[in-house]
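Protein sequence lines, in the order shown, are assigned to chains A and B.
Start counting the first sequence at 4; every next residue gets the next number (the numbering used here).
Start counting the second sequence at 22; every next residue gets the next number (the numbering used here).
Note that these hints are calculated values from the structure, not bench results.
C-beta atoms are modelled at their ideal positions from N, C-alpha and C, and glycine is treated no differently.
Hints may contain errors.
As the list claims (entries may be wrong) - Here are some of the chain A residues that sit facing chain B, going by a computed Cβ distance under 8 Å:
#1 91
#2 94
#3 264
#4 406
#5 410
#6 417
#7 428
#8 436
What the hints assert, rightly or not - Anything over 12 Å on all C-beta distances counts as not near chain A; from chain B, calculated:
#9 56
#10 61
#11 75
#12 112
#13 136
#14 145
#15 163
#16 180
#17 238
#18 274
#19 307
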Amino acid sequence: MSNEVTENGVSRRTVLKGAALGGLGLVGGGTLLSSCGSDEATGPVTFTARTNDETGLKIAQALADAYKAETGIDVTMQGSGDTNAFQDGISQYLQGTPDDVFQWMAGFRTNFRADQGLLADLSDNISNLGDQMPEGFVSGATNPSDGKQYIIPTTWYPWGLHYRKSTMIELGLDPENIQTWDDFMKLLEGTQKKGLIGYAMGDKGGWEAMGTFSIINTRMNGYDYHIDLLNGRAKWTDQATIDVFNQFAMLIPYMNKNFLDISWDGMRDLLLQKKCGAMMMGSWWANDFLAKSQEDYDDLWIVPFPEINPEFGRDSIDAPVDGVSVASNGSNVEGGKAFAEWIGSEAGMLAAQAAGDTSLYANSRLDTSGYDAFNKQKLAVIGEAKNVMNFLDRDCRNDFAGTIVGPAIQNFLKAPKDVNKIVDGMQEAWDALPPLE
Amino acid sequence: MTTTAASTKTRRRRAFTRGDKFTLSMFLGVPTFLHVVWVWIPAIATIGLSFTYWNGVSLSNIRWAGLANYDTIFTAAPQFYDALRNNTYWLLWFTFIATPLGVLLAYQIDRKIRGSKIYESVYYIPVVLSLAVIGIIWKFMLGPGGLVQALLGYPEIERAIPIFSNYDINTYVILGIASWRHIGYIMLLYLAGLKSVDPSLREAAAIDGATEWQTFRKVVFPAMKPVNTIIIVITVIESLRAFDLIYIIYGTSTGWPILGMLVFVNIYGQAASMLGAAYAVILFLLSIIPIVFYLRTVFKDDVA
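Starting from the given sequences, assemble the full structure and let the hints guide the process.
Structure, rendered in structure tokens:
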């Protein structure tokens, strides 16, 4: 009867961090993959990719092909058509005639559907994966209401300030050494003076700017306050929250003016075309840089968002975990589970890697020594943080994040002076929400 | 008396043979059945659900909420009044600008001015496109990197001027795009109506020395009454049901909120409430009231 998104508590964060840094060393042992344990899993499997961009579909198709080559089981892959629509309509999709397996994200978006019986229990598959699946990811994938897992974690990525090394060298700026907010402002100013966009922003989708809001909130008020805010234990009308918006407003002069006309891919293109300095985003689109050219990919770098309040330093980060889930309403649930397990296994991850996936993998067999410089930097950025968040729209109930927070931040970006009116509206909307169960 | 009654009776009996009854029941019954199943039952279910909390998954999760959803909409939904305002703009724009323009075009083309066939085709072309397609076309043209941006001298993404997100102009842009199609639609409907007006009426008016405007207002316009009714109803419905164009341009982020969009984002699998159903009921009432009112006035006149 509570309307808060139940959190998994500290364990996930600490263990996840451990896994990222050192835990991957466990690899050596060479325990043979106790192959899938589901002999009854035959028949063709259908698979929906969440992404629709060329690279994402290529990777998904590569997974399907590699699975077919290994097991002889046909996998039909399709894109979701429109990623936002797919995510918003997932409950309807799962009640219809869904594909057996689909790419999905850990957190509220999985657990809520699992509670409704729409997702197949993957706990056995997770335990089949054994030591390939670090504890931190298992706890991150665990639904707090029943202790089972409904998603097989595959990849994850940090949210941070992305930039091109070559651009910064040209400008004579050094983002690696921004420690404080003042340093950061100087960096943005320096970029803007040279005619580039200081802080690229594209919030047409309504979620992109949530990353900036969350990180400023954790920097100023700490992780606990942020999670409390997203779950109704703190108020949007609190002065602490209003201060976050006001801090956010200081970035607006450095943004491109058409921030509500472009989406995340517009921001990515700005960076790709060397039109902007810093860009606050999750690193998942690094694949697109690699698809463009190795040179572009090597030029890409990420640093943590700067410190604001020394009390919290840079102790929090958004590092959402993506994975694959199995629809309980699919036509081949057992086959789907086996395929999902395979995707999460070393073989699946290697297939994705071969197809150009540059993500950080959950699977511990893919040890960090094989990572390229950018991935090592991503791990370092995550490793520095004590608290790992799932991103605002997975840490908060969907009927608040999508319908209220998204438009509210858009309105705020348009008219930062209206902040009091905006937070009043948000708090009223929160108070009017019915309990989740 | 008896004879008339008897003859009516016989006539009625003769009118409905068994075959007739079967045909009638098929012609009336099947559409009625489908209509009830696919329109009325969902509509009534929506009205019922608007008084509940439900996440849309299993029926046992439905809980009675009374007027809570409506209360939320009227007191705690930041976008409701924006949406109401935008729908009102849409209705006013269509009523006073787009529809009269369509009527004017139809009237001009009907006068067989030179090249009227070409004008007719040009104005009608957008009507064959759905609003979704129109949304895609204009999104590409006006969005960053689009043709219009290039013509304005801002071909690069970073310099592209905000159009869809600029609150000073986006209402006009959206309504302009919607009118692009609506004008042609109204024109064609009206043109069809004009063709059916007896030319002798106009000749008579001309002989009586009526000016062009007087002829239109006093002779042609009243003669077009059935078409006028259809056009008014279409204008109201098109304005209130607006959705596809906005969805294509803004997605679910409701950058330019309208009621149809709020129904969608609040019901589409995300929510624990039935806020979307309550929005749908509000939209339903807004649509049905003017239409019922108008149709009643019209049919009353017909009977009298």
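Comparing the hints with the structure gives:
1. 91: With a minimum Cβ separation of about 5 Å from chain B (threshold 8 Å), the hint on residue 91 of chain A holds.
2. 94: Result: holds, 3 Å to nearest chain B Cβ.
3. 264: Cβ of residue 264 of chain A sits 5 Å from chain B, so the hint holds.
4. 406: holds, 5 Å
5. 410: It holds, given that the least Cβ distance between residue 410 of chain A and chain B is near 5 Å, below 8 Å.
6. 417: At 7 Å from the nearest chain B Cβ, residue 417 of chain A passes the 8 Å test, so the hint holds.
7. 428: holds, 4 Å
8. 436: holds, 7 Å
9. 56: holds, 24 Å
10. 61: holds, 22 Å
11. 75: It is violated; residue 75 of chain B is separated from chain A by about 9 Å at its closest Cβ, not greater than 12 Å.
12. 112: holds, 23 Å
13. 136: holds, 38 Å
14. 145: Holds, since 30 Å exceeds 12 Å.
15. 163: Residue 163 of chain B is in fact no farther than 12 Å from some Cβ atom of chain A, at 9 Å.
16. 180: violated, 8 Å
17. 238: holds, 45 Å
18. 274: Answer for residue 274 of chain B: violated, closest chain A Cβ roughly 3 Å.
19. 307: About 21 Å separates residue 307 of chain B from the closest Cβ of chain A, which puts it past 12 Å; holds.
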